[in-house]
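So the sequence lines, in the order shown, correspond to chains A and B. Sequential numbering from 1 applies to the first sequence in the numbering used here. Sequential numbering from 1001 applies to the second sequence in the numbering used here.
Mixed in with the good hints there might be a few duds.
[As the list claims (entries may be wrong)] One-sided excerpt, in silico: chain A residues whose CB lies under 8 Å from chain B:
#1 49
#2 77
#3 80
#4 155
Read the hints as simulated data drawn from the structure, not as lab findings. Think of the CB as a built atom: it goes at the ideal place given N, C-alpha and C, for glycine as much as any other residue.
There are 2 protein chains.
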Amino acid sequence: MSSDDKSVVTRLRKLISEGGYQPGERIGEVRVAEQLGVSRTPVRLAFRTLEQEGLLQRANKRGFVVREFSQEDVLCAVEVRGALEGLAARRLAERGLPPVVREQLEGCIARGADLLGKGYLEEADIARWSTLNETFHRAIVEATGSRVIGDAIQRNNHLPFASADSIVIDSAALNREYQKLYLAHQQHQLVFQALQRGEGARAEMLMREHAYIGLRYGALFDLDPEADVARDGG
Amino acid sequence: MSSDDKSVVTRLRKLISEGGYQPGERIGEVRVAEQLGVSRTPVRLAFRTLEQEGLLQRANKRGFVVREFSQEDVLCAVEVRGALEGLAARRLAERGLPPVVREQLEGCIARGADLLGKGYLEEADIARWSTLNETFHRAIVEATGSRVIGDAIQRNNHLPFASADSIVIDSAALNREYQKLYLAHQQHQLVFQALQRGEGARAEMLMREHAYIGLRYGALFDLDPEADVARDGG
DNA sequence: AGCCTGTACTTTGGATCCAATAATAGCTAA
DNA sequence: TTAGCTATTATTGGATCCAAAGTACAGGCT
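Given these sequences and hints, build the entire structure.
Quick look at the structure:
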C-alpha cells in the first residue's frame, strides 16, 4: 500500500476527529488497520504519535482510548494557544519585524479587508477566511524562527477546538459569524500595528486576547450570553 | 525481555540526553535496539514518541537524527515554560487555592527554608532542592486540574534544559548556586503569596519571571555577565 | 583524471508471526 | 441464585521477515 507513516497519522487523526470513534471509546489496532487498509505496524506507530499529541490516551494498562475533551479543556487549549502565540508575537515585536514577514502580514490583512468589505458573508467566505487566518498566524509563528515555540504551538493546535466543527448555514448565523470575523480582522490589524511599532508587551496582550475568538462566540465583546459559561469553565 | 514500551522511551531518552548520541548525529534503529537489548519494534515506537517530544527529528526522507538545541532554543524552552506555568498559576489564583494544595506548597517552602537556612550549600543539597522544586511546580500545575495545560508543560519539560546537566563541584560554584537557589526560594514564596491572595496577574508574572532561573545564571538579577548573551538570543 | 552509472549493501518501513496478558464467558460450588 | 474460579478468546507488545529506497563504492566511459 502506498501510504507512508505520516499519511497514516493524518488519516487516523481525521478519522477520529470526524467522529469515526467516539470520545472515551476504546480504539483497537486491528480495526483501524483494516479501515485504513494497512497492517497493524503503521497504526501502532501512529497511535504513539497521537498519544503524544493528546488525541489518544493509554487505557487501563492496555491499548488506547480516544480522549474526550470537556468545554473546560477547549478553553484551556485556547488559553495555551494565546499564551504561546502571545509569546511569539512579543519576541517578534522586540526583535523587529523582517520586511518579508511585514509584507506577508499586510497581504493577509488586505485580502481580509477585501473579503469582509462587502459587509456580509457568503458561506464560501468562511473557508477563505480560515486559510487567510491560518496564514497570518503561521507567518508570525514562523517568523520567530524558533522551532521550540513553533512545535509547542503546532502540538497544541492538533487538539480539537470548538471552532473546527462549527458549520453555519442560516443567514442569522452567517451574520453572527461575520461580526466575529470582522472583530478578528480588526484584532489582526492591531496585532500587526503593535508588531510594526515594536510594542512587544502590547503585541503579546493583543494576541492573547485574540485567541479567545477561537471559542464559539467568546471574544472581547460577548456576542453570545453562553460565552460567559464557557469562560469561567467547569 | 522485561521492558515495557514506556521503559524503552525513558531509557532511550536518557541514553540520548546523557550523550550516547551526539546532537545532529543520525540515530539508527538497530544499534539502539542492540544497546537496549530489545528488538527494533519498540525502538521504532519510541522514536515516534521522541520525535513528538522534539528530541529527535526526521532526517532527509529517511530515519531520524538527534535534534540539536542552540542557546536560543534553550531560552525559548524557558520562555515557553514561563508562559505555560504562568498561565497555570493565574488560573489557580483566580479559581482559588484548594487547602490541600496550599499545604503542599507550604510544605515545600518550609522544607526549602530548612535546606537554605544554613546559609551555605552542600553538594547533596542540590539534589534535595531539585526534588523540592519539582514538587512545588508539579503541585501548581496539577492543581489547575487541566490535562491540556499539564501535558503542554510536560512535553516542553522533556526538552533539554541547560540546568539539567550543570554539575558543580568547587565551593565558589556552590556559593553561586546557593544564591540562585535562594532567589528561587524567595520567588516561590512570592508566587505562593500571590496564589493565596488570589492575585492572578501577579502570580502569572512572578511565575513567568521565575522560569528564567532555569537558565544557567540568568534571573531577575544578572548573577553572571554571560546571562545577557543568553537572554537576547541569536 | 573526473564524472557518471550501475550494482551491492545498508537501513528503514510494512507485514506477519509468536508470546503474554487482560477480558470475558462459562461452569461449578456454596 | 450468586460468587468465584477457570478456561477460552481477543488484543496488545515484541520479534522476525520481506520489500523498497537510499547510499556508497567501484568500474567504465568520456
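These are the hints, each one checked on the structure:
no. : hint : verdict
1   : 49   : 5 Å, holds
2   : 77   : 5 Å, holds
3   : 80   : 5 Å, holds
4   : 155  : 7 Å, holds
In this structure, every one of the numbered hints holds.
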